[in-house]
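Using the numbering used here, read the sequence shown as starting at 1 and increasing by one per residue.
Derived by calculation from the structure, the hints in this document are not laboratory data. A couple of the hints might just be wrong.
Unchecked claim - Straight-line alpha carbon distances no greater than 30 Å define the calculated DSS-like cross-link-like pairs of lysine-lysine that follow:
no., residue 1, residue 2
1, Lys42, Lys121
2, Lys187, Lys42
3, Lys89, Lys62
4, Lys79, Lys131
5, Lys191, Lys91
6, Lys56, Lys187
7, Lys79, Lys187
8, Lys171, Lys152
9, Lys56, Lys145
10, Lys191, Lys42
11, Lys171, Lys42
12, Lys79, Lys89
13, Lys59, Lys42
14, Lys145, Lys159
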Amino acid sequence: MITNTQLVAKRFFDLVLACLLLPILILPILILVTVATIDMRKYGMFTQTRVGQNAKFFKICKIRTLREGTHELGHLDKKATQFGRFLRKTKLDELPQLFNVIQGEMSFVGPRPDIPGFADKLEGDDRIILKVKPGITGSATLKYKNEEEILKQQLDPEKYNRTVIWVDKVKINKYYVQNYSFCLDLKLILKSTLINDN
């Protein structure tokens with residue numbers, strides 16, 4: 001089980017890495033936000049309420065990829081522009097989450113932050129997932145990197161997400177917290193980098 005000392009060390013690593021990356025990524029982020037603003041005809045950065053550490057809500061930062069309207073699981077690409085689909089496929093829409101890391105709302109590695117109605121409703125031993133900050137990447141994120149494609153193949157994407165994918169994510173994220181190590185974080189960051197480069 002992750003300890004308080006490990007949480008402090010994890011936070012220190014996140015802050016140092018984020019401060020090193022910020023000078024490198026700030027210009028690409030500004031360019032992508034500008035292009036998204038022109039593409040969407042609306043400010044290219046948006047925030048959304050997500051569940052954070054200890055079930056506290058926070059506003060996640062992302063680059064806008066979807067048009068206005070109802071967004072259904074398994075059919076999100078239909079609401080995305082061509083540029084938006086590119087951002088979603090490459091995960092570049094998540095670059096602004098660097099600011100969430102700096103603010104202490106997220107970590108580079110951890111369970112993905114869900115919208116209200118999932119992580120905040122966890123019960124019993126499952127709530128240990130909330131002991132850590134949500135992450136930009138993680139074991140479950142890597143396993144379900146093609147989640148949208150999986151959901152697209154289901155007759156009822158919402159039900160499949162809640163009864164199959166979410167249940168599996170909880171198991172994966174519990175294992176992460178129960179078996180946490182700094183080396184594991186480094187491995188997941190490296191694995192995420194390699195995947196995104198392919």
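Self-check item: Distance restraint between Lys79 and Lys131, which requires alpha-carbon spacing of 30 Å or less
Solution: violated, 34 Å
Quiz prompt | Lys56 paired with Lys145 [C-alpha distance capped at 30 Å] | solution = Since the Cα atoms of Lys56 and Lys145 sit roughly 25 Å apart, the hinted pair holds (cutoff 30 Å).
Quiz item: Does Lys89 lie within 30 Å of Lys79 when you go C-alpha to C-alpha?
Solution: OK: Lys79 and Lys89 at ~14 Å, within 30 Å.
Quiz item: Quick one, are Lys187 and Lys42 close enough, alpha carbons at most 30 Å?
Solution: Violated. Lys187 to Lys42 sits at ~38 Å, over the 30 Å cutoff.
Practice problem: Assess, step by step, whether the Cα of Lys191 is no farther than 30 Å from the Cα of Lys91, and give holds or violated. | Solution: The hint holds at about 14 Å.
Quiz item: Do the alpha carbons of Lys171 and Lys42 lie within 30 Å of each other, as the hint requires?
Solution: Violated, because 38 Å separates the two Cα atoms, which is more than 30 Å.
Self-check item: Hint consistency between Lys79 and Lys187 [alpha-carbon to alpha-carbon, up to 30 Å]
Solution: The hint is violated at about 34 Å.
Quiz prompt | Hint consistency between Lys171 and Lys152 [alpha-carbon to alpha-carbon, up to 30 Å] | solution = Roughly 23 Å separates the two Cα atoms, so the pair holds.
Quiz item: Within a Cα-Cα threshold of 30 Å, do Lys59 and Lys42 meet the stated pairing?
Solution: Satisfied, since the Cα-Cα distance of roughly 19 Å is no more than 30 Å.
Practice problem: Sort out whether Lys62 lies within 30 Å of Lys89, counting only the CA atoms. | Solution: With a Cα-Cα distance of about 14 Å, the restraint between Lys89 and Lys62 holds, given a limit of 30 Å.
Quiz prompt | Holds or violated: Lys191 to Lys42, with C-alpha atoms at most 30 Å apart | solution = violated, 34 Å
Quiz item: Are Lys42 and Lys121 close enough, with their CA atoms no more than 30 Å apart?
Solution: Violated, at roughly 33 Å.
The earlier numbered hints that this structure contradicts are 1, 2, 4, 7, 10 and 11.
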